[in-house]
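**Student:** Each chain, letter by letter, is given below.
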Amino acid sequence: MFDNFPLWPDRASTAAGNVDALFIFLLIVSGLMTALIFTAVVYFAARYRRQRGVLAEQIEGSTPLELTWSIIPLFVFMAIFAWGAVVYFKSRTPPRDSTEVYVVAKQWMWKLEHAEGQREINELHVPVGRDVKLIMTSQDVIHSFYVPAFRMKQDVLPGRYTVAWFRAIKPGTYHLFCTQYCGTQHSGMIGSIIVQEPAQYEAWMSGGTTGPLSATGEKIFAELGCVTCHRTDSQGRGPNLQGVFGKPVQLEDGRSVMADENYIRECILDPGAKRVKGFQPIMPTFQGLVSEEQVNALVAYVKSLAPSGTAAGATKTAAVAVPQEEPAQPPGSQVQ
Amino acid sequence: MSMSMATATVQPAGQTIERENYLNKHYGVGSWLFTTDHKRIALLYLLSITFFFFIGGFFALLIRLELLTPAGDLVQADTYNKLFTMHGQVMVFFFLIPSIPAVLGNFLVPMMIGAKDLAFPRINLLSWYLYIIGGAMMLHCMLTGGVDTGWTFYVPFSTAFSNTKVIEAGLAIFVAGFSSILTGLNFIVTIHRMRAPGMTWSRLPLFIWAHYATSIIQILGTPVIAITLVLVVAERALHLGIFDPKLGGDPLLFQHLFWFYSHPAVYIMILPSMGVVTEIIACFSRKRIFGYGFVAISSISIAVFGFLVWAHHMFVAGISVYAALVFSILSYAVAVPSAVKVFNWTATLYKGSIRYDAPMLYAFGFLGLFTIGGLTGLFLACLGIDMHVHDTYFVIAHFHYIMVGGALMGYLGGMHFWWPKISGKLYPEGWARLAALIVFIGFNLTFFPQFILGYLGMPRRYYQYPPEFQVLNVLSTAGATVLGIGYLLPMIYFLWSMRYGKPAPDNPWNAAGLEWKTPSPPTTFNFEEEPVVTWEAYNYEELDAPHKEEVPVAR
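Same order as they appear, the protein sequences are chains U and D. Quick note on numbering: the first sequence equals residues 1 to 336 in the working numbering. Quick note on numbering: the second sequence equals residues 1 to 555 in the working numbering.
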């Protein structure tokens, strides 16, 4: 029971150090506040214990003191807030050129698919020193993707994508926990993140694969007949998807949205919701007809389509085609 | 109540002529079930919430026993999920929320402001019946299979995936919610309309200010959870697409609605406790409260700001980064009035004349635990930290420090402080001090290790866990055992005192406050004649003034 009894979690990602530094700062600040209050209470309680013939001295209060102990904590709180916001903002903003991994959660397992096509269950192999972006959705209830060693957590919701990212810095095997209660085997929904040196990782990657996810997507795109309307010229009954990803799209109702993963996903499953300006509402919904994995593949395919004019990008890795998200549409903003 | 009736009946006729009071004025079950006396209704609540406290405590015990070992070995996974769900639901909705307002508040609010009763005595009784109906529905739900959604009812698990009695539990809480709304309504009207002549707002005890703030939350917040639960029931029973994305709904909408009530609900639990502690600290320091106005206003600002911070429960749920920033900064804003209270209590001790009777020991315990609970709240409101500790044992430890360390400590302190008034009997002081100490030690042993567990990354609601978390879990379970003993003790000696305790004087602590000017126990209408107030709250200077002829009993 006492072997392997840690008091501090592993620090295995670039975010972990930031979170720990902030945590230690907070421990110091709150430790000082606790010490101040406890010392005062204990000292007063002992010094002013009841003694025969000594009466309490009545004090009405003191506005300067009240202001002091309102304003000083407020400034301290604002400092904590600002530091916390910076750490959070960094952790919510995937860097450009991240390697992408699609995550599908279900009761009670994690299904992971690399953009390069490798599939894993309850295990994720990643190399040291590379940014990995997770594009996550759930097949059933809400789950949460939590890697304590990375100080990283993001709920995984049905019906939309949520995004998280990390950069591992230390090889090893780390816990992947589900932290959003999801039913009977919630505590069994545990996986491992296996962080490897790049060479080992490349060796692992060269194992059997069906080809890049975007290529799978291209196949599905053809099989489902999407290609008959979404043509690569301007003659199709649906919008030309070349180079659409990551750009703003004008909608029929006058709004404009960013064509991110969630938008592509929504267009497949609920085509009428945000119809592109100038097109008829003729696309059928694919809700129930395609699995989450197929949707992921389709999204990966659409992302891989290079701007028209350059070579068709089905075989390119998705990572190349990912532009930096605009600040106005940060990846954390999943609420439609 | 049966004990108190027994007390009166065992006295041989003619031996001691007991003063007529609210306990012995009428006898029989009917005189209790149809009473409109706020004090009797308070006792009805006391019995009912104690019953639910022990049910919730029993669930907690089983949870801690299961977590003694990393493997899931004591109960089935589904059973464990039901245990933590029903522990939360029972403790939150059937114990903590009614605890201080419905028992001590019911008993004391009219007496503290010099009124005969609450403004709507029959609505007060109705609120108890609603609580009992809700409680009976909850019991029925538990006995016929229970519910496993977590007390938070998160969708779409609760509406589409759980195979348990979600509808029954939701409706039970729906009904109990109206009990809470009616209590809040009654307090607000009473405090506005029933104050004795001279009892101005600036002379009100801070207990009253705290209850006023609580009542605002009860009447504005509770309807939101009520309608949210109705929507859950509607989606589950009728497949209306509200929250489930498969039906076109939005699961985050549920979380917004749920926390819109359930975050302020924490203040329903803690504000009255702050009120209790304020009274106790003033009395046992023999001082007016330092900065009366600031303490009063801080209660109100907690109630108001408390409504603006709900989404800090959702920083990793998939809300936008910008929403998270706003809710984080507002959460720090609500921490300021809480800090102000702690500083004012501490300052009240300065140059006091402090006694360490049992209620004061509970108040000290409250100060310590609430400080730790409050400061760890700063960690959770911090976006960068919350990403890591959200939904881990860090959160469990934090909210138990607030809701058990804070709210329950205050409740026990208040029960000890006013027990002589409620029962007319004195409890054994030595046992009471011992219980306070045991609760404090047991509590810290139970919940402090959970902060470390949380930072290590142990998720909440885990039935089995990786072995490296075991040592801290064993400590926690050991602490829970000590804590359990600490809670049983007051139950035993309070019951004992009803029969064997020495009769309490009218004002055993020589405390300020109109409630102490009534007999112990009080008569049905509290005051022989309407009091006229010419002094401020906490006039301990006058009470202790040496020119008084008789030396105060509790000097």
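Rather than coming from a laboratory, the hints here were simulated on the basis of the structure. Mixed in with the good hints there might be a few duds.
[What the hints assert, rightly or not] Only pairs whose alpha carbons sit at most 16 angstroms apart, straight line, appear in this in silico EDC-like list of lysine to aspartate or glutamate:
1. U:K106 with U:E123
2. D:K351 with U:E57
3. D:K351 with D:D544
4. D:K246 with U:D270
5. D:K517 with D:D506
6. D:K246 with U:D140
7. D:K246 with U:E266
8. D:K351 with U:E60
9. U:K274 with U:E252
10. D:K246 with U:E292
[Stated by the list, open to error] Beyond 12 angstroms from chain U on every Cβ pair, some chain D residues (computed):
11. W32
12. K116
13. F120
14. P121
15. I123
16. H140
17. L171
18. A226
19. A234
20. F294
21. T348
22. M360
23. G486
24. L488
Backbone N, C-alpha and C fix where the C-beta goes; we use that ideal spot for every residue, glycine too.
**Student:** Please go over all the hints and tell whether each is borne out by the structure.
**Tutor:** Results for each hint:
1. U:K106 with U:E123: Judged against 16 angstroms, a Cα distance of about 14 angstroms means the pair holds.
2. D:K351 with U:E57: Roughly 6 angstroms between the alpha carbons, so the hint for D:K351 and U:E57 holds.
3. D:K351 with D:D544: The hint holds at about 15 angstroms.
4. D:K246 with U:D270: holds (11 angstroms)
5. D:K517 with D:D506: At roughly 7 angstroms apart (the allowed maximum being 16 angstroms), D:D506 and D:K517 satisfy the hint.
6. D:K246 with U:D140: holds (9 angstroms)
7. D:K246 with U:E266: Measuring from Cα to Cα gives roughly 12 angstroms; hence the hint holds.
8. D:K351 with U:E60: Distance of about 12 angstroms is within 16 angstroms: holds.
9. U:K274 with U:E252: Holds, at about 8 angstroms.
10. D:K246 with U:E292: Holds. D:K246 to U:E292 sits at ~13 angstroms (cutoff 16 angstroms).
11. W32: Answer for D:W32: holds, closest chain U Cβ roughly 40 angstroms.
12. K116: D:K116 is indeed farther than 12 angstroms from all Cβ atoms of chain U, at 32 angstroms.
13. F120: Check passes; 35 angstroms lies beyond 12 angstroms.
14. P121: holds (37 angstroms)
15. I123: holds (37 angstroms)
16. H140: The claim stands: D:H140 keeps its Cβ more than 12 angstroms from every Cβ of chain U (closest is about 23 angstroms).
17. L171: Given that every Cβ of chain U is farther than 12 angstroms from that of D:L171, nearest at about 22 angstroms, it holds.
18. A226: Non-interface label stands for D:A226: nearest chain U Cβ at 23 angstroms, farther than 12 angstroms.
19. A234: holds (19 angstroms)
20. F294: The assertion about D:F294 is violated, with a minimum of 5 angstroms to chain U.
21. T348: violated (8 angstroms)
22. M360: violated (9 angstroms)
23. G486: At about 21 angstroms from chain U, D:G486 clears the 12 angstroms cut-off, so the statement holds.
24. L488: Given a closest Cβ separation of 28 angstroms, the condition holds.
Checked against the numbered hints above, the structure violates hints 20, 21, 22; every other hint is satisfied.
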